[in-house]
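Engineer: Make a model of the complete structure from these sequences and hints.
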Amino acid sequence: MSTHAYVVRVAEDPADREACFTVRKEVFVGEQGVPEDIEYDAYDAVAVHVLAVREDGVPLGTGRLLHGAAAAGKTGGDMTVGSLGRLAVTQAARGLGVGAALVRAIEDAARARGLVAVDLHAQTHALGFYERLGYVAYGPEFPDAGIPHRAMRRVL
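Counted the way my numbering counts, the sequence shown spans residues 678 to 833.
The hints are simulated quantities; they were obtained by calculation from the structure and are not laboratory data. Predicted model, so just to flag it, every value in this text is computed and none were measured. A virtual CB, placed ideally from N, CA and C, is assigned to each residue, including glycine. Any given hint could be a false lead.
[What the hints assert, rightly or not] Label pairs and their computed distance ranges (CB to CB): (1) E703 x G791: 27 to 35 Å; (2) A814 x T757: 16 to 24 Å; (3) D733 x E808: 18 to 26 Å; (4) D718 x L810: 35 to 43 Å.
Structural biologist: This is the structure we're talking about:
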């Protein structure tokens, strides 16, 4: 598969959203052992979900953007900052640029909503990935679902 054999789009219809949840279940629940009951939350109903899909329809990755009141608890109450989360790429698609394409799509969605920055909580093993995309870590390391994380931000 070439690096251009997929598209990234906002998940607008129920089938796209279900594909997002399928990828999250495979990566977070299956690979990382995150309990399924905490993987999905009330924010899923209000988030902007993005989906990377191979040309033959196979889902490769997903992520979501929280904005407004939904993001406030994760951004220190700053309504001008969005929260990127639930970024997941299937094992078969890693190394193809899917993760970076998803991050850029989420940033585009944030800009379209007038946001000036995006925060995220990165698993510590992924800090370098986000740093290469312009994110800067701040604050101490903390556990989330038993996995070490750091807060990061990128000004748009």
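Engineer: All hints are to be evaluated individually against the structure, with a verdict given for each.
Structural biologist: Against the structure, the hints come out as follows:
| no. | hint | result |
| --- | --- | --- |
| 1 | E703 x G791: 27 to 35 Å | holds (33 Å) |
| 2 | A814 x T757: 16 to 24 Å | holds (20 Å) |
| 3 | D733 x E808: 18 to 26 Å | violated (33 Å) |
| 4 | D718 x L810: 35 to 43 Å | violated (25 Å) |
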